[in-house]
Amino acid sequence: MNSGMNPLLLVTFFPLVGVLLILLYQKTWKSAIRWTALITSLVTFGLSLWMLSMFDPADPNIQMEINLPWFNLGGNQIGFHLGVDGISILMVLLTGFLTPIALLSTWKAVEDRIAGFMAFFLMLETGMMGVFLSMDMALFYIFWEFTLIPMYFLIGLWGSKRRVYAAIKFVLYTMAGSLLMLAGILWVGLQYGGFDLTKMDASLIPLSAQLWLFAAFGLAFAIKVPMWPLHSWLPDAHTEAPTAGSVILAGVLLKMGAYGFLRFNLPLFPEATLKLVPWMAALAVIGIIYGAMVAFRQKDVKRLVAYSSISHLGFVVLGIFALNQQGIEGAILQMVNHGLSTGALFLIVGLIYERRHTRELEEFGGLWKVMPVLGGLSLVVMLSSLGLPGLNGFVGEFSILLGAFNSDFLASPWFAGVATIGVILAAVYLLHMFQKVFLGPVTKEENLKLKDLSLREILTLAPILVVIFWIGLYPKPFFLLMSPAVEKLTTVFQTLALAAH
Amino acid sequence: MTIIDLFSILPVLVLVVWALFLLLADLWASRKLPGLTPILAVVGLVCSLVVSIVQVGKPQSSFGGMIHVDGFSVFLNILFAITGIAAVALAYESFKNLKIQRGEYYVLLLFSLSGMMLMGAAGDLIVIFLALELLSIPLYIMAGMDFNRLESKEASLKYLLLGTFASAIVLFGTAFIYGAAQTTNLYEIALAVNLAEINWTLFIIGAALLVVGFGFKVAAVPFHTWTPDVYHGAPSSVTAFMAVGAKAAGFAALIRVFSLDFTVLSENLTAVFWALAVLTMIVGNFTALAQKNLKRMLAYSSIAHAGYILMAFVAFGNEAVRADSIASALFYLAAYAATSIGAWAVLIAVEREDASRNEIEHLAGLGKTAPLLAAAMTVFMLSFTGIPVTLGFWGKFYLFRTAIQGGNIILAVIGLLTSLVSAYYYLRVVVKMYFQEGDVKVSQKGWSLVVAVVAALIVLGLAFIPELLYKFAASSLIIG
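Chains A and B, in that order, give the protein sequences.
Everything in the first sequence is counted per my numbering, starting at 121 for the first residue and increasing by one.
Everything in the second sequence is counted per my numbering, starting at 15 for the first residue and increasing by one.
It should be emphasised that the hints constitute simulated quantities derived from the structure, not laboratory data.
Just so you know, even glycine gets a beta-carbon here, dropped at the ideal spot from N, CA and C.
Any given hint might turn out to be false.
Distance condition first, Cα-Cα at most 35 angstroms in a straight line; then the derived DSBU-like pairs of lysine-lysine [stated by the list, open to error]:
1) B/Lys459 with A/Lys147
2) A/Lys289 with B/Lys110
3) A/Lys228 with B/Lys306
4) A/Lys419 with A/Lys571
5) A/Lys147 with A/Lys289
6) B/Lys306 with A/Lys147
So the derived label-pair ranges between C-beta atoms look like this [stated by the list, open to error]:
7) A/Glu231 with B/Ala334: 57 to 63 angstroms
8) A/Thr148 with B/Val464: 52 to 58 angstroms
9) A/Asp232 with B/Lys167: 54 to 60 angstroms
10) A/Leu140 with B/Lys72: 50 to 56 angstroms
Facing chain A, according to a computed beta carbon distance under 8 angstroms, are these residues of chain B, among others [what the hints assert, rightly or not]:
11) Asn213
12) Ile401
13) Arg415
14) Leu430
15) Leu431
16) Ala437
17) Tyr448
18) Gly452
19) Tyr484
Modelling step: build the complete structure from the supplied sequences, incorporating the hints.
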């Protein structure tokens, strides 16, 4: 892109325009603040679509690059280097898509300090976009750490009862990983000539160093995903965060971890990746089963959905470490799918919570009779989450399992075999939840008077449902976007495997 | 003594002469215009700052090698002058609040600053000792400025006793070095070392004593025990000045002396500095974790930050890393100075007339009652933790990079993990301010607010253009 405007810069920083406007408003202009935030995020989504229109799906390389020197630290150039490729483009679109939806869900739910809420939310969007678009490790780290600040405040200020505990736990957990990643970044930068990802040559890094670096980066990403046994921050953060925060946390922030594996660990430390594949896959499978089983035992709906995330993200990690076309493509698509279905599940929990101010499973039952519209929409979302054919979840999970079965690197069909049990368990806990909440007779007095969804609330869920059906019925355009880039990524492993034979 | 000699120490000279003039002016002003003395003090500091800036890029040696004006000393001079200006502003507000307005305070402040500046430019162990005394003695008095309060008196006495002890150790070390090399001039010592014309036993004892003496001044563990009590007892504005100025001066001496003269001993000293850095980071951060008082928490956090700077300095013997080692220490000192002054300014704004209400508890609700102060404090806490986008992040980024470059990966990892610990107690301040209700009453005006906001803008603004500060720090090499 030599001529014309570059969309990446705008996609990343346009939300800050909204922040600026909101901070200039009077505190009492509540609806102006809401509309400004919503419009800003919609424009950002529009900008990300503009980026999509300029994206060439056939090109496996980084596109629409912006590479400006930022500054030179002791001989290391730190560049302001943005770019997009087939691996990150869906993440950028997902971020752009989910942010306005999350904001729309706060219309009635957030009344207190609304300017702060919206400002932090839009700052968070900038941070997330930056993470997915950075092509310089130092810049990536800055955006990565920066997302902590708004999320910390979103949980800590607008969360529910144990919010302070959850906010601090979230920050400390994430920082524990990312500080070691910083050590890794600095080391790579010093040893292998700089922080620019596109100039990095993996073959220069010896295996012993790769293993350490894989661990340093991998820990940060594994905490973010989160992989078992580093997951314990997630149920707290998800449960205590406000609805919109949970949507973005599950929808986008967790994907930053999985994306990190794809962007750093796989291409930069391929030999270490090959060595550690069985371990990573084993942790992923444990996560799938563990998350599902714990989810089944939850009494709090939101906690149930939170644990289901651990299970679902286990599939994503398994797909990534299948290291073949199907596995990684499935993983990327499943990242989008999980963002949509779990995002929608959190929205539904939020809608119920706004009406009943409780999330205990025992308090509900028979809601279908009182709120048929919500019931119908929830059924679709739930089925998408458990992977019913024809809906999006199936496509992703199927592709991942296929990849894991056929993988030359996992070297055992048992990983995929055990993971399949996770699909069944997902059906168990999700149907259990649906039954407890929506089916059966209405047992509680309070539930009889609940109002069904308003037009705005339907509008929040509708776009997600459209995409759920779209991916479920015709996923080809999504696969087309990523396949050249994934192919480029997987060839590295094929050549390495060939060389080893 | 020539005109050139005088020109080389002009920033110091301006301060000393101005301080003497101020002493007389205050006799008259204290009755009629009590606000005049601080204003005049700032004028003197600005003059000194301008002179320092003029000296940028003009390295020279004067007084027969006793004084070395180079990038290093100029960088520190500018840092000290700006710190001084902020300290005057904070003292004016804080002392008015505590009802101990006294003009001689500003005179002492200028004397102390002149000692710090001299320390940065010292090319001789004797000058270092003189500078140490010139900067310390006024500080002993300043710490006891609020003499109606027992803690202030205690702080003054403690600082005096332990400070004198440390000065004596520096002097003792100097004597040993003189015995070993027959000179106290840093460059001649380096020469003697190169020619191996020294008595090694005496030389090593001297070096060890200097480590202890300077370790005391920068408050490195295990020479830190005076810090919490003195920082806590002294009036807050004095502490702000001490925590930044005295620490930077201590590092100035440490860096210059060791990177010039003791690189031969680096094989032995590396282990010593390694242990000092690790101890300082761990003890500083973990003890800060347990503090309930904001002043004590900041005191221990300042100990921890000394540990980070020491970490970069561990590799001082390595020729290839030394330039980065010094530059990253200076960069971090500047970042630490801006952040620290800001944090103390917020504390001063919250403090009451009787120097009470400085528990972390008392910040509860600040986010609602004083949003500007709370926002600034948040910036400082993030910068202390090293979270982007703040100057503190770049400071740590550069320090850790230097440590890794020097081959001290384990040290860097320890440093990174202790900064995770620090995240907990810094975030607790943010939790108090925003997530809890409280009855803190602050009038959002006055100099402490100005200082806090300006410091916050510097911490945030320079984070986007770190090259500005970095280039300046990187050019601040010691001319050897």
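Subject >> Hinted pair A/Lys228 and B/Lys306, Cα distance within 35 angstroms >> reply: Measuring from Cα to Cα gives roughly 39 angstroms; hence the hint is violated.
Original post:
Given B/Tyr484 was flagged as interface, is its beta-carbon under 8 angstroms from a beta-carbon of chain A?
Top reply: Holds, about 6 angstroms.
Original post:
Once the shortest beta carbon distance from B/Asn213 to chain A is found, is it less than 8 angstroms?
Top reply: violated, 37 angstroms
Original post:
Do the numbers back the hint for B/Ala437, that is, is its least Cβ distance to chain A under 8 angstroms?
Top reply: This interface hint holds because 5 angstroms falls under the 8 angstroms limit.
Subject >> Outcome for the supplied range 54 to 60 angstroms, where the beta carbon pair is A/Asp232 and B/Lys167 >> reply: violated, 47 angstroms
Original post:
Per the CB criterion, is B/Leu431 less than 8 angstroms away from chain A?
Top reply: holds, 7 angstroms
**OP:** Could you tell me whether the CB distance from A/Glu231 to B/Ala334 stays inside 57 to 63 angstroms?
**Re:** holds, 59 angstroms
**OP:** Mind checking the alpha carbons of B/Lys306 and A/Lys147 for me, to see if they're no more than 35 angstroms apart?
**Re:** Satisfied, since the Cα-Cα distance of roughly 34 angstroms is no more than 35 angstroms.
**OP:** Assess, step by step, whether the Cα of A/Lys289 is no farther than 35 angstroms from the Cα of B/Lys110, and give holds or violated.
**Re:** With a Cα-Cα distance of about 41 angstroms, the restraint between A/Lys289 and B/Lys110 is violated, given a limit of 35 angstroms.
Subject >> Beta-carbon spacing of A/Leu140 to B/Lys72 - inside the hinted bounds 50 to 56 angstroms or not >> reply: violated, 43 angstroms
**OP:** For the pair supplied as a hint, A/Lys419 and A/Lys571, confirm whether the alpha-carbon distance does not exceed 35 angstroms.
**Re:** Holds. A/Lys419 to A/Lys571 sits at ~24 angstroms (cutoff 35 angstroms).
**OP:** With a cut-off of 8 angstroms on the beta carbons, see whether B/Leu430 makes it to chain A.
**Re:** B/Leu430 check passes; min Cβ-Cβ to chain A is 4 angstroms, inside 8 angstroms.
Hint check: violations occur at hints 2, 3, 8, 9, 10, 11, 18; the rest are consistent with the structure.
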